[in-house]
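S.K.: Each chain, written out:
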Amino acid sequence: MKFPRIYKLEEIAKMLQVEYVGQPEFPVKGMNEIHVVEDGDIVFVDHPKYYSKALDSAATIVLINKRVDCPEGKALLISDDPFRDFNALTTYFRPFQSASKSIMDTATIGKGTIIQPNVFVGNQVTIGENCLIHSNVAINNNCVIGNNVIIHSGTVLGGDAFYYSKRNGKWDKFLSGGRVIIEDDVEIGAGCTIDRGVTGDTTIREGSKLDNQIQVGHDTVIGKKCLIASQCGIAGCTVIEDEVTLWGQVGVISGITIGKGAVVHAQSGVSKSLPGGKTYFGSPAEEARKKMKELAAIKNMAENVKN
Amino acid sequence: MKFPRIYKLEEIAKMLQVEYVGQPEFPVKGMNEIHVVEDGDIVFVDHPKYYSKALDSAATIVLINKRVDCPEGKALLISDDPFRDFNALTTYFRPFQSASKSIMDTATIGKGTIIQPNVFVGNQVTIGENCLIHSNVAINNNCVIGNNVIIHSGTVLGGDAFYYSKRNGKWDKFLSGGRVIIEDDVEIGAGCTIDRGVTGDTTIREGSKLDNQIQVGHDTVIGKKCLIASQCGIAGCTVIEDEVTLWGQVGVISGITIGKGAVVHAQSGVSKSLPGGKTYFGSPAEEARKKMKELAAIKNMAENVKN
Amino acid sequence: MKFPRIYKLEEIAKMLQVEYVGQPEFPVKGMNEIHVVEDGDIVFVDHPKYYSKALDSAATIVLINKRVDCPEGKALLISDDPFRDFNALTTYFRPFQSASKSIMDTATIGKGTIIQPNVFVGNQVTIGENCLIHSNVAINNNCVIGNNVIIHSGTVLGGDAFYYSKRNGKWDKFLSGGRVIIEDDVEIGAGCTIDRGVTGDTTIREGSKLDNQIQVGHDTVIGKKCLIASQCGIAGCTVIEDEVTLWGQVGVISGITIGKGAVVHAQSGVSKSLPGGKTYFGSPAEEARKKMKELAAIKNMAENVKN
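Sequence lines, in order, name chains H, Y and F.
First residue of the first sequence: 1, per the working numbering; consecutive thereafter.
First residue of the second sequence: 1, per the working numbering; consecutive thereafter.
First residue of the third sequence: 1, per the working numbering; consecutive thereafter.
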């Protein structure tokens, strides 16, 4: 998430009421989670185990709970609770705004776009031209939809990430300030749920087609011209490259990449990154050819068991 | 899909601006996909590989991209793009009509039927008597619902088929002009999605009961008095015969038949037609007895592996 | 389900127009299904196979279709159709009440709670303080929600149980008169469906977090501080104890218990009760360690098969 302008380190420190290490004027452009940080971003870390990962990341400002040595060309924000303060930044820069009616005035809706009855379009939503948003769809705050997009009834864009941290014996929520981006010519079936990014964006690229009841987790990217069949579940922070086909009820865990043009058979469970251009099957998923050989071997073995 | 009246071949040819082979007065009664065509129907074909299948089908009018020999008693419509022109016919005979309010005036709702708040009832929808349509349901254009039907909150009837053709490197949508037919005494749980047929109907027959979050694809038929448990996904063009039981999270691929009275255990994946009257399990699904034997053989083998 | 006051046996008998065995003044406090009955409850039984189970249960009033010996300290209601009459009691004490608008006046909504557009809040619903109910949620009659609860778009609370009895060749519906109880600090994702209890309550205890598209069946209890990932399906009458983690697309059958702190890997199918504190995998689910050994043995066997 980029901030609306470049802030000075001392401004952010004052906002959070924390001390800092670095030049007061040090530029702060945004905030992000460790896996998507860029130059100018704040990242947070609250466990010594991850200190060096955060300090060595592309982020140039580290919100941390110990006064460590500050790497060259970077800055520190010293907090007794980086998790709480990172959430505070999200609340400051992307506060949840409730809605007083079904289509908010702060939404921008392009020419030729049809919005059917009982649709919710939240604050600062952008919808392009010639889209068709079917009845009972919910498009939550800050979602961005391109041109020629079709979204079927009951689908929800921009729910919060399923992301908690166990603190003091309970699950504390990591607030979601990211967005959902649906590019041109995408079609999304009925009853899908596409979560917003935590600090980044959940993105479905141009020309991809999703069937009904598909789950897409926070910060996940689905490439161009993919086909995703009904009831697939794709966890957060995953990359599905272009022209991938997932058949029905496939599950994909978080943080992995499925390579360009891969095909995954129905009900498979993808538990690790898969190279593109191949066909996969099984739970856990493996190359289909190999999996089929296993199934044949099992069948053969069972037939040879004495009864 | 039957047309509202019988058309003459020359009328259709003029509408599509294409040439034709056959008598100008040759009767055209409707249009259908190859797997559901009947006498009087237009079918389309655009690949030489499938020419003879289309020409030999029950359809009496073939929308085709080559001037081939016309079979006896049939007619041809010669198009440079049969896919585009078939879609043009769907748009002509079953155009998408947007809705100006939640319950359209063109809908017919029977005596004693209760429609709860936030329900969408689209154009030309028919709902019978003594139904209960719970809140936040979406019943899209042209759906037909019988008597004594209960539909729970959040369910969507009549989303489009998930049906595309790769043309010029992108996924072109095959338009859906078919309907959803829900017969008497059916109950459908919350959060289900039942797609409309492409040219035919998606049908759920009398007395069947569906649990929550079930997906039913286009042109599929679910027989009488079936029980389908939560989160099952049934692809398009499939036939589930009468009195079939599918337990939770079962997946069924397209184009197959599950025979009368079959029982499929939870999480199974049905990848081929299954004879009725038996019990199945596994992904891919096999007779449960056989599958259980395989599981026992695997367990036995693993226990005998040296550690 | 407790009745609004203590009834006399003869009052109930008169209401149902059935005969009774016992003191006319015998106290009747409520009604429940066999698995949740308490002292003062009516239970029903209509098959000789289950007579002794019903007569020996904690229920003190048995609605039965034969004049059997009445156990000491209990009473009988003699009906020619106990199923029909049990449904009649549900209809009497918890009738379905239709709604005239999206937020019913009989609902109680606490201070600081935000209800977004297109939400349905049914009759006699209670929502606590500082909750956030996102757009297009359906909260059906009699649901009870605590404080600081977040419910995401499209979720449905209080659909009916998926519960039928085959009578005269068709599926007769067992009416649902129970409730959904969501305790404090629970978060429920988008597109979930949580069914009401049949006579008891479906309960999600304090601090549990549910992701999107989760199904929770009737009368199921989810303990405190559980994490349930997307697309899990939990059948009815099941107990998930505190601090259980279910990863994505797990299925859990009805009537079992998953013990405290258990972790179940993605896509597993839980078909029997599982002791707490351990990690499970597979369909059917077993201890993950054991299952991994099986997978390794299969792989090894397949590699040794001659090609």
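Since the hints were made in silico from the structure, they are not lab data.
Model, not experiment: these values are computed from the prediction.
Just to be clear, a hint being listed does not mean it is correct.
Identical copies go unnamed one by one, so any copy, or any two together, can satisfy a pair.
[Said to hold, decoys possible] Straight-line Cα separation of at most 30 Å, DSS-like style, residue types lysine-lysine; simulated pairs:
#1 Lys170 - Lys260
#2 Lys299 - Lys278
#3 Lys293 - Lys2
#4 Lys278 - Lys101
#5 Lys14 - Lys66
S.K.: Now tell me, hint by hint, if it's right for this structure.
M.R.: Each hint tested on the structure:
1. With identical chains, the CA atoms of Lys170 and Lys260 are at most 30 Å apart between copies only, with a shortest distance of 15 Å across copies and 40 Å within one.
2. When the C-alpha separation of Lys299 and Lys278 is checked against a cutoff of 30 Å, the pair qualifies both within a copy, at 25 Å, and between copies, at 19 Å.
3. Neither within a single protomer nor between protomers do Lys293 and Lys2 lie at most 30 Å apart by alpha-carbon distance, with minima of 50 Å and 47 Å respectively.
4. For a Cα distance limit of 30 Å, the shortest separation of Lys278 from Lys101 qualifies neither inside one copy, at 48 Å, nor across copies, at 47 Å.
5. Taking CA atoms no more than 30 Å apart as the test, Lys14 paired with Lys66 passes inside one copy only; the shortest distance there is 18 Å, against 74 Å between copies.
Violated hints for the displayed structure, listed by number in ascending order: 3, 4.
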